[in-house]
Amino acid sequence: MRKSVIKKLVMVALLGLIMPATGFAADTIKIGVAGPHTGDLAPYGIPTKEAAEMVAAQVNAAGGVLGMQVEVLPMDDQCKPEIATNAATKLVSEGVDVVIGHVCSGATKAAMGIYKEAKIIAVSPSATNPPLTQSGDYPNFYRTIAPDDDQGKLASDFATDKLGAKRIAILHDKGDYGKGFADFAKQFIEAGGKAEVVLFEGVTPGAMDYSAVVQKVRREKADAVIFGGYHPEASKLVSQMHKKRMKIPFIGPDGVKGNGFLEIAGKDAEGVYATGPMDVSSYAVNQKAKADYISKYGKEPGTFFDQGYAAMQVILNAIEVAGGTEYAALEKALKNSYVDTAVGKIKFDAKGDAEGVGFSVFQVQDGKFVELK
Amino acid sequence: MVDNIKRSLLVSIWFVFLTFPLMVVKVNTLKNIVEWRWINMLWVAIGAFVLSIVWRWAMERRQLKNKKAEQGEEESVLPGFGQRLLEDPKIFKPVLIALALVTLVFPLVVDIYQTNIMVLALIFVVLGLGLNVTVGLAGLLDLGYVAFFAVGAYTYGVLNSFFGFGFWISLPLGGLMGALFGIVLGFPILRLRGDYLAIVTLGFGSIAKIVIENWEEVFNGAKGIANIPRPGFFGAEMSIHTATTYTYYLMILMVLFAIFITNRLKDSRIGRAWMALREDEIACVAMGVDMARTKLGAYAFGAFWAGLAGVIFASRNTYINPNSFTFMESALVLSIVVMGGMGSIIGVIVAALVLILMPEYLRAFAEYRMLMFGAVMVLMMIFRPEGLIANVRRKYAGRKVVTEDANARG
Amino acid sequence: MEYFLELSSSGLVRGSIYALIALGYTMVYGIIQLINFAHGEIYMIGAFVALIVSGVLTIYGFSGVSILILAGLIAVIYAAAYGYTLEKIAYRPLRNAPRLSPLISAIGMSLFLQNYVLLAQTPDFLRFPALIPDFEFMEPIAHIMGSPELVILVTSAVSRVGLTVLIKYTRIGKAMRATQQDMTMARLVGVNVDNVISMTFIIGSVLAAIGGVLVGSYIGQINFYIGFMAGVKAFTAAVLGGIGNIPGAVLGALVLGLTEAYAAGYISSAYEDVFAFGVLVLILILRPSGLLGKAVKQKV
Amino acid sequence: MLELRNVDTYYGNIQALKSISIDINEGEIVTLIGANGAGKSTTLMTICGVTPPRNGEIYFMGTPIHKMATDKIVAMGLVQVPEGRRIFPGMSVLENLEMGTFLRRDKSEIQKDIDYAFDLFPILAQRRSQLGGTLSGGEQQMLAISRALMARPRVLLLDEPSLGLAPLIIKQIFEIIKKINQEQKTTVFLVEQNANQALKLADRGYVMENGRITLTDTAENLLDNEQVKEAYLGL
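Chains as they are written, first to last, in our numbering: chain E, 1 to 373; chain W, 374 to 783; chain U, 784 to 1083; chain S, 1084 to 1318.
Incorrect hints may appear among the rest.
As the list claims (entries may be wrong) - The calculated lysine-lysine pairs, modelled on DSBU-like cross-linking and capped at a C-alpha distance of 30 Å, are:
(1) W:K404 / E:K296
(2) W:K399 / U:K871
(3) W:K379 / S:K1190
(4) E:K30 / E:K267
(5) E:K267 / W:K404
(6) W:K379 / E:K296
(7) S:K1190 / U:K951
(8) E:K296 / E:K119
(9) S:K1261 / U:K951
(10) S:K1190 / U:K871
(11) W:K438 / S:K1261
To be clear, the hints were calculated from the coordinates, so they are not data collected in a lab.
Quick caveat, the model's predicted, so the values are computed rather than measured.
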């Protein structure tokens, strides 16, 4: 019994080797959009999906790209590696030409190998983990957002140079994004030698409150807090710092800089700093994208909307420039032609990071994030 | 009939009331307007009305069935397809052969996606079979089973990234590590019973995740461990497609192996001790069964399979992070065991395939999938508590449980 | 010393909320030996209803305390209705089923309710208005304990006293105790056990909803997922104190809250859950039936 | 007054009662004797609706009660003192008595009845605030009977009141039962293994074997019946 199975196995292995690569459908351009669309992380994935669908609808109404209609295939990965590989193989077997995603860095890492082998380019709106581009493991990976190390450096420089902080508490949400950012901030502060990291600690997302850790920040006499994580935890922290009558500056990453934070933190948001992609709200493309979204959904777009929108734009542009969806041509197009997108005028460098996307520091003033020059 | 409609109308009104604030009202704090979604109210009203009628009809049927079962008429009325399938060799053999054939050619006729999710489903089959030992046979409710799964996955991940261990060395090590942790975690909770056990194991599950998350030096924390190699085949270079197909056959072998072992064990000395433990712990100890060893054995054995499955899981994803090891996964595996029919091997397999594959094929309903998943769990318990495919021995065991319960209350 | 006080205050606040939820677990468990996994979801729904009601009222020009009272009241009514319906649908048909069936049903219901709220409302976090006003007199010690914390402690304590009175002296309370001690005998003295069980779910849900409204107002944000972790913790608290035992649940909740606060404050907040569950394991090893639980009589 | 007609009761698929018929008239003391496991307790639980019959009818004062919920049956005046007393262990003696009045609303009368119970069993008055679980077996039996009396039963169903008690206490309890029957005009249905005592107390008796009623007669005749003597009286 077992022998024959092994024999068959070998046969199968051989068969698999000579099987042809996935075929392409010619009449439409299929773009997979992978990210968390259900579950508790859905708020980070759905705006990108909505952005991609909006762009596709507009492009299709205008006749499509190269005369072909654009089809968006949303695929849920719940930010879990095992579901992400399912989603990735599903997209591959449905013959997508390009993928927008994934949203979480972890899910992205799990999925990239599959795209790499299928020679599919993936453009993530939000996976900021540096090794994704810097390790060289994922040559088919691009992102319309800058990596965490840029941000960590900016945040720590801002805290030490502009705010003059000497004792800095760094908190994070233990997630790959938040922890990554916090790690870089710590590294740069320690390297800079201008300030001391007096507290470096993770908080548990979903914990009932953070008052104990806030008290700890007070005890360490920190004069600034740098937080790595997303806006729900950030607003919880800020609001509890206010409740405990603490008035030290709070600096968050781009996961904080968004309307979600302003809405949830309300009055407590006032004065909070956040690093984030440079202010592009004066860009016509960005303004139009937002206006379109608001007229369609009746609310402000969510996190990573701009980046998702931009990812869709660079992809469609590259397809147009390359005259098709052939891998090498697309790669060349992505790396060589500047595109006007919702996050500014960008093209990609050799590693896949976007050039032209940079970070600035923002501060909440009168209920709005204002870029500090 | 009129009465039925009247009552359904009342139910419908009740649900309209119940869902009103959440379904109809939506406050937009940004624009300071209230969105009244009256149409939802209509849907709720209609839905609740129809469901109420169906519900009552199903309840009546259930009662009728129970009554018949009580009177011992079950056999004559409904031997059950599952039952026949297991007992009648005329049906059993061809079905088995057909099944074997489908299993063998499956990855050759479908695309990589299907194979890939089937591998995941098979991993959960093994997990289900493992937990089936702990919960189904020995009756030890474990809500933190995923911890052992994580132990397996991280054994491979860590050994590979630090020492370059390959899949084939890590596989048994992962299983052993799982079993080891099963024993270690089993010790403090030997004395606990029932629901206490549930909450403590749930705690262990969470602790495992937190430790992985925070112990960066070893587990790489939330960043996870990337570039884990897929299973090798004498050093042959394989494309993902081939590797997936290969993993698929590997999983089939493993499932067969798990079935073989658990089946043998079920009829062994220790297997009977487990079942005795499940039925009545005190009597069991009085009969001279070493409770500590038996319980630890059940834990270790269940955890062993979780460890093995974890190694394959890591190699399939090539990347692991703590997100894959949450309470949801524990609940999922437990649902597989319970829905499959406690103690029933075929039931567990079917349930694992249904529960893992259903969400994949219902991607169209992605948004509603978890909602339906929850509803199915409730409905299954109410209308088909014996699981999808009842254990062959279950007829006897089931009654035993009922009367015992009656005694305990009465 | 001040730091210790600060942590104690934060632990007590947390513990008070856990206590409100844990009471529901422990009462239900005491009567029908069921871990009502969906109980955390009732807490979440209570918070959501309060949020929606206060949103609507704000838009229609109500203000201040009137919103707090109305929103709280409606939230409590709805939570009670959900608790009642939950029992009728998911647990009553399983009254005589093997132990695991209602547990699975409860896990299913928990998933269902989470996703129901997610779909009916939103997966995003929502801002919960600060319904509790700031009192002047708390200002000097606001860094240790502010007004919302005080209100939480007081409300939780008052609710607990109310529950104790209800259970000790009212007809329904006596019926509940009788049912818990001997269900068949309770029926034989004329207690309608079905009603008592429904009532238990209703009372537990009311307490959970009070907790939900308080937490929402204190933390300032809610989403559909807040019930799960709170529920697990509250259940841990109930087991810690000896499940089925009402004073035990309160004690367990306070112990758990303080443990978490001290662990976060003196060791690391990244590991606070490890300590929470660690204390549970430790206590169960030393006292397998919880802090105040009586040794379980085993029927042979 | 209470009438069982061809009642079948099942536990799962095990038939515990096999077409039994029993009649009890107002004011009588009727006893049901039989060996362990004959189905005596099941008969009482079936009457009270705890284990409802699958077939057959039960009438109480002309009303069919075999489909009623237990609390409704109790409200009609059928009150049981179950096997093993089943005192609420976490409640005081007084609270246990108050549980007996659960369905009554007449506050002033309740106090009188509680005093009457303390009259019957003075020891209970002494123990009034002690927890039920801490009482001795005899005290528990007294409390159980008193608790049942609190509901002002029309028919008092007693399940093995003598079980596990010292002979002196058994005697005392049986005297009280007689007293209740005479003073309160309460009909009594007494289930007993202790056939000798029971038949001496009762007006009529039924003999139960393996879920069937095998014999019925006046208590005197049954005491003289050879079969009964041999099987249940140990003579």
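Verification of the supplied hints:
{"no.": "1", "hint": "W:K404 / E:K296", "result": "15 Å, holds"}
{"no.": "2", "hint": "W:K399 / U:K871", "result": "28 Å, holds"}
{"no.": "3", "hint": "W:K379 / S:K1190", "result": "39 Å, violated"}
{"no.": "4", "hint": "E:K30 / E:K267", "result": "44 Å, violated"}
{"no.": "5", "hint": "E:K267 / W:K404", "result": "17 Å, holds"}
{"no.": "6", "hint": "W:K379 / E:K296", "result": "42 Å, violated"}
{"no.": "7", "hint": "S:K1190 / U:K951", "result": "18 Å, holds"}
{"no.": "8", "hint": "E:K296 / E:K119", "result": "35 Å, violated"}
{"no.": "9", "hint": "S:K1261 / U:K951", "result": "35 Å, violated"}
{"no.": "10", "hint": "S:K1190 / U:K871", "result": "34 Å, violated"}
{"no.": "11", "hint": "W:K438 / S:K1261", "result": "47 Å, violated"}
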